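Position chain Y with the ligands against the provided structure of chain C, taking the given hints into account.
Residue numbers (my numbering), protein chains in the order written: chain C, 1 to 493; chain Y, 1 to 493.
Check each hint, because a few of them may be wrong.
Mimicking DSSO-like on lysine-lysine, the simulated pairs with C-alpha atoms at most 27 Å apart in a straight line are [stated by the list, open to error]: (1) Lys350(C) - Lys251(Y); (2) Lys251(C) - Lys106(Y); (3) Lys260(Y) - Lys316(Y); (4) Lys411(C) - Lys55(C); (5) Lys55(Y) - Lys338(C); (6) Lys383(C) - Lys338(C); (7) Lys57(Y) - Lys57(C); (8) Lys98(C) - Lys80(Y); (9) Lys98(Y) - Lys455(C); (10) Lys475(Y) - Lys235(Y); (11) Lys80(Y) - Lys333(C); (12) Lys106(C) - Lys256(Y); (13) Lys383(Y) - Lys350(Y); (14) Lys87(C) - Lys80(Y); (15) Lys338(Y) - Lys57(C); (16) Lys104(Y) - Lys251(C); (17) Lys251(Y) - Lys80(Y); (18) Lys333(C) - Lys80(C); (19) Lys57(Y) - Lys322(C); (20) Lys475(Y) - Lys333(C); (21) Lys385(Y) - Lys57(C); (22) Lys104(C) - Lys22(Y); (23) Lys260(C) - Lys134(Y); (24) Lys55(C) - Lys98(Y); (25) Lys57(Y) - Lys134(Y); (26) Lys350(Y) - Lys328(Y); (27) Lys22(Y) - Lys260(Y); (28) Lys22(Y) - Lys256(C); (29) Lys22(Y) - Lys260(C); (30) Lys106(C) - Lys80(Y); (31) Lys22(C) - Lys350(Y); (32) Lys190(C) - Lys260(C).
FYI, nobody ran anything at the bench for these hints, they're computed from the structure. As the structure is a computational prediction, the values presented were derived from the model and not from experiment.
2 protein chains.
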Amino acid sequence: MGNSLTSRSQDYSQWYNDLILKGGLADYSAVRGCMVIKPYGFGLWENMRDVLDRKFKETGHQNAYFPLFVPKSLFEAEEKNAEGFAKECAVVTHYRLKADPDNKGKLIVDPNARLEEELVVRPTSEAIIWNTYKNWIQSYRDLPILINQWANVVRWEMRTRLFLRTAEFLWQEGHTAHATKAEAIEETKKMLDVYADFAEQYMALPVLRGVKSANERFAGAEDTYCIEALMQDGKALQAGTSHFLGQNFAKAFDVKFADKENKLEYVWATSWGVSTRLIGALVMAHSDDEGLVIPPRIAPLQVVIVPIYSKDEAMKARLDAKAGEIIKELRAKGVSVKYDNDDSNRPGWKFAEHELRGVPVRIALGPRDMENNLAEVARRDTKEKLSVSLDGISNYVADLLEEIQQQMFNKALKFREENSRNADTWEEFVRLLDEQPGFIYAHWDGTPETEEKIKELTKATIRCIPLDNPQEEGKCILTGSPSAQRVVFARAY
Amino acid sequence: MGNSLTSRSQDYSQWYNDLILKGGLADYSAVRGCMVIKPYGFGLWENMRDVLDRKFKETGHQNAYFPLFVPKSLFEAEEKNAEGFAKECAVVTHYRLKADPDNKGKLIVDPNARLEEELVVRPTSEAIIWNTYKNWIQSYRDLPILINQWANVVRWEMRTRLFLRTAEFLWQEGHTAHATKAEAIEETKKMLDVYADFAEQYMALPVLRGVKSANERFAGAEDTYCIEALMQDGKALQAGTSHFLGQNFAKAFDVKFADKENKLEYVWATSWGVSTRLIGALVMAHSDDEGLVIPPRIAPLQVVIVPIYSKDEAMKARLDAKAGEIIKELRAKGVSVKYDNDDSNRPGWKFAEHELRGVPVRIALGPRDMENNLAEVARRDTKEKLSVSLDGISNYVADLLEEIQQQMFNKALKFREENSRNADTWEEFVRLLDEQPGFIYAHWDGTPETEEKIKELTKATIRCIPLDNPQEEGKCILTGSPSAQRVVFARAY
Ligand SMILES: [Zn+2]
Ligand SMILES: [Zn+2]
Chain C
1 MGNSLTSRSQ
11 DYSQWYNDLI
21 LKGGLADYSA
31 VRGCMVIKPY
41 GFGLWENMRD
51 VLDRKFKETG
61 HQNAYFPLFV
71 PKSLFEAEEK
81 NAEGFAKECA
91 VVTHYRLKAD
101 PDNKGKLIVD
111 PNARLEEELV
121 VRPTSEAIIW
131 NTYKNWIQSY
141 RDLPILINQW
151 ANVVRWEMRT
161 RLFLRTAEFL
171 WQEGHTAHAT
181 KAEAIEETKK
191 MLDVYADFAE
201 QYMALPVLRG
211 VKSANERFAG
221 AEDTYCIEAL
231 MQDGKALQAG
241 TSHFLGQNFA
251 KAFDVKFADK
261 ENKLEYVWAT
271 SWGVSTRLIG
281 ALVMAHSDDE
291 GLVIPPRIAP
301 LQVVIVPIYS
311 KDEAMKARLD
321 AKAGEIIKEL
331 RAKGVSVKYD
341 NDDSNRPGWK
351 FAEHELRGVP
361 VRIALGPRDM
371 ENNLAEVARR
381 DTKEKLSVSL
391 DGISNYVADL
401 LEEIQQQMFN
411 KALKFREENS
421 RNADTWEEFV
431 RLLDEQPGFI
441 YAHWDGTPET
451 EEKIKELTKA
461 TIRCIPLDNP
471 QEEGKCILTG
481 SPSAQRVVFA
491 RAY
Chain Y
1 MGNSLTSRSQ
11 DYSQWYNDLI
21 LKGGLADYSA
31 VRGCMVIKPY
41 GFGLWENMRD
51 VLDRKFKETG
61 HQNAYFPLFV
71 PKSLFEAEEK
81 NAEGFAKECA
91 VVTHYRLKAD
101 PDNKGKLIVD
111 PNARLEEELV
121 VRPTSEAIIW
131 NTYKNWIQSY
141 RDLPILINQW
151 ANVVRWEMRT
161 RLFLRTAEFL
171 WQEGHTAHAT
181 KAEAIEETKK
191 MLDVYADFAE
201 QYMALPVLRG
211 VKSANERFAG
221 AEDTYCIEAL
231 MQDGKALQAG
241 TSHFLGQNFA
251 KAFDVKFADK
261 ENKLEYVWAT
271 SWGVSTRLIG
281 ALVMAHSDDE
291 GLVIPPRIAP
301 LQVVIVPIYS
311 KDEAMKARLD
321 AKAGEIIKEL
331 RAKGVSVKYD
341 NDDSNRPGWK
351 FAEHELRGVP
361 VRIALGPRDM
371 ENNLAEVARR
381 DTKEKLSVSL
391 DGISNYVADL
401 LEEIQQQMFN
411 KALKFREENS
421 RNADTWEEFV
431 RLLDEQPGFI
441 YAHWDGTPET
451 EEKIKELTKA
461 TIRCIPLDNP
471 QEEGKCILTG
481 SPSAQRVVFA
491 RAY
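Looking at chain C on its own, in the form it has when it is part of the complex:
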């Protein structure tokens, strides 16, 4: 049975939505721009979150929790940050509903319950957190503060897409406070590396590490570092950001500390975050026309075993017993495995279903194979099938999961390399964008005006200036002005 997915070549956007919805990751909700993350999608997020959380703790961070609401007067305090988010803020103005006198059983907002000061639903938490840090920091002994928060945030986007851009999303936001500029910059880069390692080693997603141009910087940051990934349609996706905030928030909230010489100094800040958007990146980077392809290290389910029952009850018992053995061995190795022996669906239907959901490895156990001490092992990424001896099959599968992880990364890296090109003229730049989209390395004169103009003309933006970027003299593709390095352009999600 087919699962009637739209193919990538037919309609890439619809393919993406089909995978999210039919693959069981998420569903639309009754709230404009908000989605429901279904158990399978949330299981994926839990696995990603657990790895990241461990990495944060290993690098000395602790979790905490700050209020959902930001009073408007605090929200305003750091002006650039406020400007950057003002246009997409959900605002709480009242704290009570009451019975509608004209409409039995209905409710209206109680006009007598207006808040004295409106509350912004946090689009990001710098303001509320720095207003708190003010009370926690007096001396250099109180520094550094290395805190992370797992939370929901709200940005009222006009055009939303499942996972990639939703009005509410889940994320983590690290907020650190330091005594020196150098230490804050080091933290910013360290967390960028944590993100990059996570993306590459767990999500099998190769990423460019770079720094944003001024136009693309986080509102209120001195520098925004980012990781950028390439999707199968040649568009870029920003997968994580780490911001060096300078002393902007310390000044806005008047957060000073006494240094060792008892001199008062403003505190240096960073913030860094990744969100459920990563799930969108994962889907678009790896999946195919049969469904999701999920890297084993973060897959909610790594292995499924499907018995091919015959009418022979004794054989059925033998299949169940053998499956039980394999499951026990795999679980002892820390592999997650499900036995799909539900009689009400045919094996072919199950195969399609597990392909759609991107389970990395499927084992089919049938009577004939059983007689020959074999099982059929199918890997989701390449769709190869192999007859494997039942002796030592759990070792085989555990190794295969690692191989799949590695090959998915290699495949994505090869794709990125094949879709990274230099453009030396405006004509070439425009032609590549339309005909062979991907990362385009091109010279730029370094001005925000030129970047803005290029964006207007082509919808392409500077994704980043890669770290350790080779220096190379050239001329800006738009203005012809001198340039000292190529930067990475792409159209982006």
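Just chain Y with the ligands now, with coordinates in the frame of chain C:
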């Protein structure tokens, strides 16, 4: 150095606040009624959450995530639920701020960005979830749905207290859907047992399991089951609730399924939750005038080792080396341990600090003890100190942690037993409430009117009708009408 805590006898409320604030669990925030959960408090919550999450998964539940906002029209759908929460709803009415034309650098709510339909910030998620389940349930094959969500919720309480009652709080809410009434009731009770086991085995908190009277029932439930704990001031605290929702939400959202005979039936529902309020219960049940007392199984830090440095550098190195050994052995046993060798604070200051924070076991390693192959082990719960041989000290400490866990439970249980009394007359009831507050077992005529009247007169409420309550004929303490059983009264948080 003392930590200048208010004592329980001096001012119980202030003692509680001191412990939360000075013990590093939480802080006030700039948002009315909302608090900041600090790293130490959040570490405690993470430990509690992880245990509960494992128990939920072991009982077949999966996590998912539903939107923060509930459109007003959905919120209204289940009338009793809507009535119950309408008076404490934060309401989003606008989705944009704009520059204040009269006040440079300030923002105002953009009057042109009014939502067509107001959004309620979820006080609980039955409405948004049942509106979603409607799309997920067609047939008996789609049932049961066993989903849990970890989330923040908002209830605009007028009088708030750290952890016990805050405008925003963190919780988990399970929402399940079933084909039969019996199965839903079984689920309701099963989750009550999960909560009770968690409270008793991990929080060392003995709880009564019972069912609420109609007055105290969750808005929209047919029956509310609860666990009730007794605090050191003799007031009760509801520590968790599990609701049998009948078909109320299925009817409100028109959620039907085709049964095996293809007949359409309304779905049966449950919901159940515990929140960060549990941290308040933990503090008030166990702590003392020196600070927090935290049960080892959920303590963010179980053991602290404090070296007593002398001026002898060689001895300092020996102390550090021995501490390193003990730490390694304890960690291998899964015990969390910190080496507090910060030179800038004196040992006595550190002892007071770790007592304040409720670290279950402190090991002091000093030169003289070292010469005798001993260390001083202090347990936080009883404040006993013992000289313990360094040989096998990690085994000793691991056992001691279990003993502390058990003794904390026993102590709390003894306290509850000593503060549970029968009252047979109105005079006795009132006298006990004022002079020996605790759980009062008394006869009640079963009417909401009498319960309401008792509450008005004494501020005591029916905490629960215990499960498997012994049947005993008697007369209502207020009205003298016949009663078939005693119920549990108390003043409550
Ligand atoms: Zn970038
Ligand atoms: Zn109760």
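Status of the hints after comparison with the structure:
1. Of the pairs offered as hints, the one joining Lys350(C) and Lys251(Y) is violated, with about 34 Å between alpha carbons and a cut-off of 27 Å exceeded.
2. Annotation: proposed proximity of Lys251(C) to Lys106(Y) holds, straight-line Cα distance about 17 Å (limit 27 Å).
3. With a C-alpha separation of about 75 Å, the suggested pair Lys260(Y) and Lys316(Y) falls outside the 27 Å cut-off, and the hint is violated.
4. Only pairs whose Cα atoms come within 27 Å are accepted, and Lys411(C) paired with Lys55(C) is accepted, the gap being roughly 26 Å.
5. A C-alpha spacing of about 19 Å is found between Lys55(Y) and Lys338(C), which places the hinted pair at or below 27 Å, so the restraint holds.
6. Taking the CA atoms of Lys383(C) and Lys338(C), the gap is about 19 Å. The hint holds against a cut of 27 Å.
7. A C-alpha spacing of about 24 Å is found between Lys57(Y) and Lys57(C), which places the hinted pair at or below 27 Å, so the restraint holds.
8. At roughly 13 Å between alpha-carbon atoms, Lys98(C) and Lys80(Y) fall within 27 Å of each other, so this suggested pair holds.
9. Using a Cα cut-off of 27 Å, the hinted pair Lys98(Y) and Lys455(C) holds, with the two alpha carbons roughly 25 Å apart.
10. Pair hint Lys475(Y) plus Lys235(Y) holds up; C-alpha atoms about 25 Å apart against a cutoff of 27 Å.
11. For the hint pairing Lys80(Y) with Lys333(C), the CA-to-CA distance comes to about 50 Å; that exceeds 27 Å, so the pair is violated.
12. Taken as a hint, the Lys106(C) and Lys256(Y) pair is honoured in the structure, with Cα atoms around 24 Å apart against an allowance of 27 Å.
13. Between the alpha carbons of Lys383(Y) and Lys350(Y) the distance comes to roughly 15 Å, so the proposed pair stays at or under 27 Å and holds.
14. For the proposed pair Lys87(C) and Lys80(Y), the alpha carbon gap of about 36 Å is over 27 Å, so the pair is violated.
15. At most 27 Å may separate the alpha-carbon atoms for a hinted pair to count; Lys338(Y) and Lys57(C) meet this at roughly 15 Å.
16. Under the criterion of a C-alpha separation no larger than 27 Å, the hint pairing Lys104(Y) with Lys251(C) is consistent with the structure, at around 18 Å.
17. Of the supplied pair hints, the one linking Lys251(Y) and Lys80(Y) holds, its CA atoms being roughly 13 Å apart against a limit of 27 Å.
18. With a C-alpha separation of about 51 Å, the suggested pair Lys333(C) and Lys80(C) falls outside the 27 Å cut-off, and the hint is violated.
19. Distance check on the hinted pair: Lys57(Y) and Lys322(C) sit about 26 Å apart at the alpha-carbon level, within 27 Å; holds.
20. For the proposed pair Lys475(Y) and Lys333(C), the alpha carbon gap of about 63 Å is over 27 Å, so the pair is violated.
21. For a cut-off of 27 Å, the pair hint linking Lys385(Y) to Lys57(C) is broken: about 33 Å separates their Cα positions.
22. For the suggested pair Lys104(C) and Lys22(Y), the alpha carbons sit about 50 Å apart, so the restraint of at most 27 Å is broken.
23. At most 27 Å may separate the alpha-carbon atoms for a hinted pair to count; Lys260(C) and Lys134(Y) exceed this at roughly 62 Å.
24. Distance restraint check for Lys55(C) and Lys98(Y): the Cα-Cα separation of roughly 39 Å exceeds the 27 Å cut-off, and the hinted pair is therefore not satisfied.
25. For the given pair, Lys57(Y) sits about 24 Å from Lys134(Y) by alpha-carbon distance, which is consistent with the 27 Å threshold.
26. Using a Cα cut-off of 27 Å, the hinted pair Lys350(Y) and Lys328(Y) holds, with the two alpha carbons roughly 22 Å apart.
27. In summary, the hint linking Lys22(Y) to Lys260(Y) is not supported, as the alpha carbons are separated by about 60 Å, beyond the 27 Å threshold.
28. Taking the CA atoms of Lys22(Y) and Lys256(C), the gap is about 22 Å. The hint holds against a cut of 27 Å.
29. Simply put, Lys22(Y) and Lys260(C) have alpha-carbon atoms about 25 Å apart, close enough for the 27 Å limit, and the pair holds.
30. For the suggested pair Lys106(C) and Lys80(Y), the alpha carbons sit about 12 Å apart, so the restraint of at most 27 Å is met.
31. The hinted pair formed by Lys22(C) and Lys350(Y) fails the criterion: a straight-line CA distance of about 57 Å is larger than 27 Å.
32. Under the criterion of a C-alpha separation no larger than 27 Å, the hint pairing Lys190(C) with Lys260(C) is consistent with the structure, at around 26 Å.
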